Amino acid sequence: MAEITITDRIDGLLGQWGNQPQNLLQILIRVQQSLHHIPATAIDYLARKLGCPQVQVEGLVGFYSFLHVEPRGSYDILFSDNITDRMLGGQGVAAALAERLGVALGTTRSDGRVSVGYTFCTGMGDQGPAALVNGYTMTRLTPDRIGQMVELIEGAVPVTDWPQEWFVVEDNIQRRDILLQTALPDGAAIDRVLEIGVDALLQEMDASGLRGRGGAGFGTALKWRPCREATGADRVVVCNADEGEPGTFKDRLLLQRYADRVVEGMTLCAAVIGASKGFIYLRGEYLYLLKGLEAELQRRRESGLLGRSIRGREGFDFDIEIHLGAGAYICGEESALIESLEGKRGHPRVRPPFPVTSGYMGLPTVVNNVETFMAAAMIGVQGAEWFRSRGTEESSGTKLLTISGDCARPGIYEYPYGVTVEQVLTDCGAQDVQAVQVAGAAGSCVPPSEFGRQIAFEDLATGGSFMIFNQGRDLLEMVENFAAFFVHESCGFCTPCRVGTSLMHKRLTKVVVGHATRADMERMCDIGALMRKASHCGLGQTAANCILGTMDSFPALYAERLRSTSFEPAFDLDASLQEAREITGRDDPGAHLKGGGV
Amino acid sequence: MSGQFIIDHKPVPFEPGQTIMDAAMAAGIYIPHLCHNPEFHPHASCKLCTVKINGRPASACTTQAAEGAVVESETDELMDDRRILLKMLFVEGNHVCPACEKSGRCQLQAVAYYCNMLAPEFTHFYPQRDVDASHPDMVIDFNRCILCNLCVRASRDVDGKDVFAISGRGIGSHLIISSPSGRLGDSAFDAEDKAAQVCPVGAIMLKHQGYDVPIGQRLYDQEPVSVVGDVAKYVVKKHDQ
Ligand SMILES: Cc1cc2nc3c(=O)[nH]c(=O)nc-3n(C[C@H](O)[C@H](O)[C@H](O)COP(=O)(O)O)c2cc1C
Ligand code: SF4
Ligand code: SF4
Numbered sequence: 001m002a003e004i005t006i007t008d009r010i011d012g013l014l015g016q017w018g019n020q021p022q023n024l025l026q027i028l029i030r031v032q033q034s035l036h037h038i039p040a041t042a043i044d045y046l047a048r049k050l051g052c053p054q055v056q057v058e059g060l061v062g063f064y065s066f067l068h069v070e071p072r073g074s075y076d077i078l079f080s081d082n083i084t085d086r087m088l089g090g091q092g093v094a095a096a097l098a099e100r101l102g103v104a105l106g107t108t109r110s111d112g113r114v115s116v117g118y119t120f121c122t123g124m125g126d127q128g129p130a131a132l133v134n135g136y137t138m139t140r141l142t143p144d145r146i147g148q149m150v151e152l153i154e155g156a157v158p159v160t161d162w163p164q165e166w167f168v169v170e171d172n173i174q175r176r177d178i179l180l181q182t183a184l185p186d187g188a189a190i191d192r193v194l195e196i197g198v199d200a201l202l203q204e205m206d207a208s209g210l211r212g213r214g215g216a217g218f219g220t221a222l223k224w225r226p227c228r229e230a231t232g233a234d235r236v237v238v239c240n241a242d243e244g245e246p247g248t249f250k251d252r253l254l255l256q257r258y259a260d261r262v263v264e265g266m267t268l269c270a271a272v273i274g275a276s277k278g279f280i281y282l283r284g285e286y287l288y289l290l291k292g293l294e295a296e297l298q299r300r301r302e303s304g305l306l307g308r309s310i311r312g313r314e315g316f317d318f319d320i321e322i323h324l325g326a327g328a329y330i331c332g333e334e335s336a337l338i339e340s341l342e343g344k345r346g347h348p349r350v351r352p353p354f355p356v357t358s359g360y361m362g363l364p365t366v367v368n369n370v371e372t373f374m375a376a377a378m379i380g381v382q383g384a385e386w387f388r389s390r391g392t393e394e395s396s397g398t399k400l401l402t403i404s405g406d407c408a409r410p411g412i413y414e415y416p417y418g419v420t421v422e423q424v425l426t427d428c429g430a431q432d433v434q435a436v437q438v439a440g441a442a443g444s445c446v447p448p449s450e451f452g453r454q455i456a457f458e459d460l461a462t463g464g465s466f467m468i469f470n471q472g473r474d475l476l477e478m479v480e481n482f483a484a485f486f487v488h489e490s491c492g493f494c495t496p497c498r499v500g501t502s503l504m505h506k507r508l509t510k511v512v513v514g515h516a517t518r519a520d521m522e523r524m525c526d527i528g529a530l531m532r533k534a535s536h537c538g539l540g541q542t543a544a545n546c547i548l549g550t551m552d553s554f555p556a557l558y559a560e561r562l563r564s565t566s567f568e569p570a571f572d573l574d575a576s577l578q579e580a581r582e583i584t585g586r587d588d589p590g591a592h593l594k595g596g597g598v
Numbered sequence: 001m002s003g004q005f006i007i008d009h010k011p012v013p014f015e016p017g018q019t020i021m022d023a024a025m026a027a028g029i030y031i032p033h034l035c036h037n038p039e040f041h042p043h044a045s046c047k048l049c050t051v052k053i054n055g056r057p058a059s060a061c062t063t064q065a066a067e068g069a070v071v072e073s074e075t076d077e078l079m080d081d082r083r084i085l086l087k088m089l090f091v092e093g094n095h096v097c098p099a100c101e102k103s104g105r106c107q108l109q110a111v112a113y114y115c116n117m118l119a120p121e122f123t124h125f126y127p128q129r130d131v132d133a134s135h136p137d138m139v140i141d142f143n144r145c146i147l148c149n150l151c152v153r154a155s156r157d158v159d160g161k162d163v164f165a166i167s168g169r170g171i172g173s174h175l176i177i178s179s180p181s182g183r184l185g186d187s188a189f190d191a192e193d194k195a196a197q198v199c200p201v202g203a204i205m206l207k208h209q210g211y212d213v214p215i216g217q218r219l220y221d222q223e224p225v226s227v228v229g230d231v232a233k234y235v236v237k238k239h240d241q
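Taken in order, these protein sequences are the chains called A and B. Position one of the first sequence corresponds to residue 1 (the working numbering), numbered consecutively onward. Position one of the second sequence corresponds to residue 1 (the working numbering), numbered consecutively onward.
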């Protein structure tokens, strides 16, 4: 009976997703949502129906953190474990909830009712500690909510009937500049390109100096133009809404409050490059945004802003599909994102060819960040001059910064490029600052002596993440958090990053517990330098930044914890006796070896 | 229109469409590699072939040769890098060379000799991995798999069987087998398959033929990998026995 239900359900999903193998990931995400795991029968059935090898489906399930072959609880709770959530007490809430529910963290309770575990940053740094409950975001968790949560779970109350205020994600705009201050009437950017023509519009984009807001800062017109000129039966517009860099949460706001402008920007891009197909790749952690986005797309279809003959222009056909991610930071990297859109494991591609000539299903594809599309739409209407009225020569316009950590007013701040770290710290009410981590786990840890530096492509580039640590914090906790993040998020394709992230984390842990020596520091430098040089993509190339950077800017962090000997064995004799101690129930001094047995 | 570029001061001719690796191989210049086999589409994952092209690091197996390019390969810096990569591969799996039937014919071992890697040095991961001897003719020891993807490519692109795939992520990445039980014996794998002949290490091996040639007299015991080349060229097939 159960088998019939599973295959029936999958048949329904297959129909809904057009029986296309490239939609396999989307189908698996829905199977996980309804059955709390991907049963072997589902893997088998999907492989047969889609005509793909069984190992391909298995390999896909094995890649994405949010897909599981073992059943998760009917209530699957994942606490956001970014360093900023920890600073807000997230781990305490998680541990207390797990204890009250009688489940070990990271496991599923034996009755299958509930799983409690951790995931990395869920994009709620300004309103944490946060968690995902069956994929839906809960913010501002407090210990006093635990009792109620336990009651609801034990009482089998559906998550949809839980108090709605627990699931509120605030906009939290703290500072507005031209982007968030200026109105954009529906269809205005589309009308403009239809009126002045593609060449004139591209010139306007060129003149504006708009560069990608996703991190790399590539000129937007420099991407759109070659894509328009590339040969291909069709073209594709992809909005990168993976927003995975720890501490970044501005796309969340844009997709929640300004989706019309983001979609307008995508449609403008479609008009420029000649695309009929568009995707929004929405990180799985933002599942709560899906309904609103679907509604916005539908509203625009009904208003003639999307779909066939947009704005009545014969032949201007463009529509957008939303694809969900499933817990893989690497899928924010544009070529891994395209692989994921095609229903594959998120391994970055070998480049060239670049997506602008060969992207989704081999078609010329533009991938841009959410904020980039919104800025493009605004430039389309307001013009290059308007945009250039803010920012620096090399970094025109404004940037949304997402501020979290130790300050009085965390949230989203729109600043002209060129603003100093100092200014931002003053505005958000940060005091006694020890360091600011700019641009997320892969970014730079800025010490007070450098607070005069500017947020700009030519100085401190950032996708938005700006995490503040005051003097009371142990920065090594941050470093450890990010090192663990990269172990978890390395896609595993290439040797330097797959193995290097773990080697770095192991050595760093040695530093944290006070067992490391100078030799370990030197090894970390060698391994980190190799990762920068030989890794296949940006993830591995930047994964060592945090360790190498803090060794450089905050040497005392490490020096204080080093052992004076030059060699420390990797094998801790005393620790290896732990199992024996547990079995014998002993923990007296006689059951321990002095100095770890070294 | 053919052209020429430089590897470590030596001129290397190339045809359009050739990669640095293709052109180097054709010219008899050895660039260390493990996941590359000229019969298959390059994969660029082991990163041993990382060279500097006009000063910038890149994988030789996927970078197109270009007129006048200056390629560095056997510099101290790049050989240091290769030693680190090799140590990474050794500690990631369980490689017990003295007890391994592939010893002397193993490309990982041979490249390590070539690069003068003396000891793994990094902390071993000691992962728990299986040996699957369920197949009548072949055995697969996952302890020694270096995730080069060659069996995956061979089974997919030549055998048309898709017996293998990589699952998991990051350090948890691992090889999986397409069969109802997940075991090799229940798969469509055959000892005559191309996928049976491409493994650079002792992960996929022929059964019933152990230690035929004494260690010390084997392929890489005679000559370095830079001279004899990839082990896949020498793999003994079942019907050759
Ligand atoms: C590991 C990694 C993760 C990334 N994550 C994101 C992301 O979450 N969002 C994003 O817009 N770009 C991300 N990028 C950058 C994209 O590869 C790409 O450059 C960007 O989407 C291009 O858009 P833009 O030009 O508008 O910035 C990431 C890059 C790397 C290497
Ligand atoms: S650098 Fe890391 S994330 Fe990028 S391809 Fe290599 S293993 Fe994957
Ligand atoms: S089994 Fe051999 S050929 Fe296959 S991936 Fe592992 S090392 Fe490569």
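Rather than coming from a laboratory, the hints here were simulated on the basis of the structure. Since we're looking at a predicted model, the values are computed, not measured. Honestly, I wouldn't trust all of these hints.
What the hints assert, rightly or not - Subject to a maximum C-alpha distance of 30 Å in a straight line, what follows is the list of computed DSSO-like cross-link-like pairs (lysine-lysine):
{"#": "1", "chain 1": "A", "residue 1": "49", "chain 2": "B", "residue 2": "161"}
{"#": "2", "chain 1": "B", "residue 1": "233", "chain 2": "B", "residue 2": "87"}
{"#": "3", "chain 1": "B", "residue 1": "233", "chain 2": "A", "residue 2": "506"}
Now for the hints, and whether the structure bears them out:
no., hint, verdict
1, A:49 x B:161, "17 Å, holds"
2, B:233 x B:87, "25 Å, holds"
3, B:233 x A:506, "38 Å, violated"
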